[in-house]
Amino acid sequence: GAVVSQHPSWVICKSGTSVKIECRSLDFQATTMFWYRQFPKQSLMLMATSNEGSKATYEQGVEKDKFLINHASLTLSTLTVTSAHPEDSSFYICSAKGTASYNEQFFGPGTRLTVL
Amino acid sequence: GDSVTQMEGPVTLSEEAFLTINCTYTATGYPSLFWYVQYPGEGLQLLLKATKADDKGSNKGFEATYRKETTSFHLEKGSVQVSDSAVYFCASQVGFQKLVFGTGTRLLVSP
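Respectively, the protein sequence lines represent chains P and Y.
Heads up: the first sequence begins at 60 in the numbering used here, then just goes up one per residue.
Heads up: the second sequence begins at 135 in the numbering used here, then just goes up one per residue.
Chain P on its own, in the form it takes in the complex (with noise of 0.2 Å):
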């Protein structure tokens, strides 16, 4: 099956730092690329779709200038969380799909972020 990875897992960073999360998509072309935040006991919150080689689509309420997303290549997409507060503590989760998958989305394992 189709396979997304993410890195890191998980990261701690003060307040002020950014952060960046990668998502790769293994054995597929990923067209578009989607990041999810889930916070405890939360649904999955879409925050951005991309497409590769075009601007993210951000979903209402979702700052772009705080959450930098790139997909620069048919395999990686990154979010950078910029100056980073403790309210940013979430889990960031991201899935992809491709031509060959139709409508189905493949989701990586989730980074979890901590904000001292």
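Possibly wrong hints are sitting among the right ones.
To be verified - Derived pair list, reagent style SDA-like, types lysine to any residue, alpha-carbon separation capped at 25 Å:
#1 K100(P) / S148(P)
#2 K232(Y) / E111(P)
#3 K194(Y) / N162(P)
Claimed, not checked - Far from chain P, some chain Y residues (derived; all Cβ distances over 10 Å):
#4 E149
#5 T154
#6 T158
#7 T160
#8 L182
#9 D188
#10 K190
#11 S192
#12 T205
#13 S206
#14 L241
Because the hints were derived from the structure by calculation, they are not lab data.
Just so we're clear, the structure is a prediction, and the values are computed from it rather than from any experiment.
Glycine included, C-beta positions come from ideal geometry on N, C-alpha and C.
Using the hints, position chain Y against chain P.
The following block gives chain Y in isolation, referenced to the frame of chain P:
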């Protein structure tokens, strides 16, 4: 907006017990419905899906039937195993729009 509501967990069962996890949805269009499973340390995996009313999705002994009249898509399994312990997410999607997830239900199966 569209939403998915599923029962809170954790659901704790003994091995070979019958499982039901309730899921209901609201949607402005005609959604496809999904169940995803997340095992510890892994990403969400599609467990089963149904695309129209009265369709039954099934996989690995799990089943769910798309009930338009009750806007429900309850997950069932006749005999759970310890290896089924995981978090289960119900989700809906209208066309190619975004997936809308429920909060997830943790299932714990003891030997």
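Does N162(P) sit within 25 Å of K194(Y), going by the straight-line distance between their CA atoms?
At roughly 22 Å apart (the allowed maximum being 25 Å), N162(P) and K194(Y) satisfy the hint.
L241(Y): least C-beta distance to chain P exceeds 10 Å?
Holds, since 15 Å exceeds 10 Å.
Any Cβ of chain P at or closer than 10 Å to T158(Y), or is the non-interface label fine?
It holds; T158(Y) is separated from chain P by about 14 Å at its closest Cβ, greater than 10 Å.
Would the least Cβ to Cβ distance between K190(Y) and chain P come out above 10 Å?
With a cut-off of 10 Å, K190(Y) remains clear of chain P, as the shortest Cβ separation is near 19 Å.
Does the claim that L182(Y) lies outside the interface with chain P hold up, using a Cβ gap greater than 10 Å?
Since the minimum Cβ distance to chain P is about 12 Å, L182(Y) lies beyond 10 Å and the statement holds.
Decide if the proposed pair is consistent with the structure: K232(Y) and E111(P), CA atoms, cutoff 25 Å inclusive.
Judged against 25 Å, a Cα distance of about 18 Å means the pair holds.
Determine whether the non-interface label on T154(Y) survives the test: each CB of chain P must be over 10 Å from its CB.
The claim holds: T154(Y) sits with its nearest Cβ about 20 Å from chain P, beyond 10 Å.
Measuring Cβ to Cβ, find out whether S206(Y) lies farther than 10 Å from everything in chain P.
18 Å, holds
Does D188(Y) clear chain P by more than 10 Å, comparing its Cβ with all Cβ atoms of that chain?
21 Å, holds
Does the no-contact call for E149(Y) survive, Cβ to all of chain P over 10 Å?
Per Cβ check, E149(Y) is outside 10 Å of chain P; nearest 26 Å; holds.
Say whether it holds or is violated: T205(Y) keeps its Cβ farther than 10 Å from all Cβ of chain P.
Consistent with the label, T205(Y) stays out of reach of chain P, its closest Cβ about 17 Å off (over 10 Å).
Straight-line Cα separation of K100(P) and S148(P) no greater than 25 Å?
Roughly 14 Å between the alpha carbons, so the hint for K100(P) and S148(P) holds.
The earlier numbered hints are all upheld by this structure, with none contradicted.
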